[in-house]
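Protein chains in written order, with the working numbering: chain A, 29 to 397; chain B, 29 to 397.
Any given hint could be a false lead.
Since the list can't tell identical chains apart, any single copy or any two copies may satisfy a pair.
[As the list claims (entries may be wrong)] With a straight-line Cα cutoff of 35 angstroms, these simulated DSBU-like cross-link-like pairs (lysine-lysine) come out:
(1) K130 x K185
(2) K254 x K93
(3) K344 x K373
(4) K233 x K373
Note that these hints are calculated values from the structure, not bench results.
Number of protein chains: 2
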Amino acid sequence: MTNLAQIVNVDLGDRSYPIVIGSGLLSKVGEQIKDVLGTGLRVLIVTDSNVEPLYLNQLQDSLGKAGYNVASQPVPAGEASKSIEQIASIWSAAVDARLDRKSVIVALGGGVVGDLAGFAAASYLRGVKFVQVPTSLLAMVDSSVGGKTGINLPQGKNLVGAFHQPSMVIADLNLLSTLSEREFSSGMAEVIKYGVIHDADLFAKLEQNVSELRQLDPESLAFVVKRSCEIKADVVRQDEREGGVRAWLNFGHTLGHAIENTCGYGVHLHGEAIAAGMVYAARLSEVQKGFPPDQTQRLIDLFTAFDLPTTFTDGKWSELLEVMTADKKAENAVPRFVLADRIGKALLPEEVPEEILAATFRSWIESGS
Amino acid sequence: MTNLAQIVNVDLGDRSYPIVIGSGLLSKVGEQIKDVLGTGLRVLIVTDSNVEPLYLNQLQDSLGKAGYNVASQPVPAGEASKSIEQIASIWSAAVDARLDRKSVIVALGGGVVGDLAGFAAASYLRGVKFVQVPTSLLAMVDSSVGGKTGINLPQGKNLVGAFHQPSMVIADLNLLSTLSEREFSSGMAEVIKYGVIHDADLFAKLEQNVSELRQLDPESLAFVVKRSCEIKADVVRQDEREGGVRAWLNFGHTLGHAIENTCGYGVHLHGEAIAAGMVYAARLSEVQKGFPPDQTQRLIDLFTAFDLPTTFTDGKWSELLEVMTADKKAENAVPRFVLADRIGKALLPEEVPEEILAATFRSWIESGS
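Next comes chain A alone, as it looks inside the complex (with noise of 0.2 angstroms):
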């Protein structure tokens, strides 16, 4: 089905890539990546424990094929693994896989492993090529796309990293198959949040397309992949190193990441705890900027119709305005919020008054959504 494959060319400059989506790349890979970098490299493929035993000899036969020389490192399933100790791990297997300036390496997995290649391949020989094979909806949708690379530190989370673009990603939908329905929703949080902030039209039809979603229809799916490659590549392209609309990217996030860390990390997945920070970055949407009040309940409607949270009751309120005081991303101790005039137009982030952060956290909370 490698004919049915679509491309998104994310355009930056001498760091431009594409973006491959169809059903059945996965043993193509070998193939793909030979006709953008060339033959006989040395490739070390980094995974995860859960990937590992789905897909990892069907990579390293395609790139074998291909006539690379491939070693692979996996990594424990989850975030715990962005870590220092892993990095190194991951540093340690590319000398002995005898990495040099013009190899690959591959991240076959999730956000996690993204992360944790991409850095790996930003900073082993101060640069080596990096390929995505993202095996998550998240990673297909939002991680894959910008180059964003890093890890955690024991104090918070990518506070280490480095922006380092890919040569490629390869999105192979069946790989979707394999995925929890519940880790499935998390990455239609992402793809509703480019709807909100920057395109109506794809809001609409993710309405209309539920049950086809859920269902894993090959053709909803390479629609709403490609459609948010190509937000997200529109936006980096525009704003490669994060000063200005790159952080329309952040809707639902200053919340949506302080939930994350009051829970302890893992509690609620990445897509919940956002689709919950944008109930209420619409909310507060709604308050500053006269967001329509209706738009906000097709957000809840559909956040519920993936089985995605729209409030949020575990957490007190001053801590999780501790946590986003303290974010990377607030300026002067004050945190900043993204928020939209509408579906489908996000504004700049800016501070809000500390009392309309309250007091709406409060309503919404009373409300239940």
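Starting from the known structure of chain A, fit chain B onto it as the hints suggest.
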């Protein structure tokens, strides 16, 4: 004496930066940074256990007077600090100092501190600003220009890192007074290299000013540091990512690195190892390129005048060759050498037949220089 400060501009488009060279600049670092980066920033100084008691207080005072919020993180002196453990300690100190995206990491020290602090600046929050205050001649003329940062792995030197240009470099020549003669001469080896690869006039001037330089005459030092920075800046400007002429800078380094590696780091200082490596490269250039033997003699005489070695009798050729073959600059496991036509004119790196490498090594060692 800051009125005598001279500036070399490293022209790298939007990554351009000034190198300020003069006597008595340490107490003006705060003002200098303020002129370029503005006020009110958080600053983390990275230094080492040798430099800390000599210069840290003065630097902290200067930064404090300029209104900066200053923290410091000293690491043990020596190459062993270019480690995963020490980079982790700096990342952690950056969190404790609450550095944000506008903050600055300042390297106060020699090449080790510069490489380590530079990689911390490249990677913390995916990149914060970086200022170098080099305290060794080697760091002033070599490692503070060019943007290479990094750490070692147990398997080899500089295997992990990033290209990250500083916002400015402030070279206070007075700091050289606390350098040992041996460290000073090690730095001179790189200065002599600039003469060989690109500037016959500089080479002649060095020959004429040995005693002034060894006595740290400010005017001679200023000239030498400035001209060295200009040459390196010019080479780096032409070739920031090392695809072409930047390789000139590796003259003498193919064997030099192998000497450092086989003897264990620290046995020979970097400049000592590359001095021997440069004499070998000149001998190879005689054979392959008709480099004039009397110019090799001038090179030997100049090294000798600075008490630098001109031969190497501590290692076996087979071991050296093995290390050169495994070097990250080798392609397809064949070592490459930068040769020269004459003093002032280096060539792009090339393969030299192994029998010529071995025979030239033998005759060089037998002749005693």
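Results of checking the hints against the structure:
Both within a single protomer and between protomers do K130 and K185 lie at most 35 angstroms apart by alpha-carbon distance, with minima of 30 angstroms and 18 angstroms respectively. In this assembly of identical chains, K254 and K93 lie within 35 angstroms of each other by CA distance solely inside one copy; the values are 28 angstroms within and 54 angstroms between copies. For the identical chains of this complex, K344 and K373 are intra-copy neighbours only, at 30 angstroms inside a copy versus 69 angstroms across copies, given an alpha-carbon limit of 35 angstroms. With identical chains, the CA atoms of K233 and K373 are at most 35 angstroms apart within one copy only, with a shortest distance of 16 angstroms there and 65 angstroms across copies.
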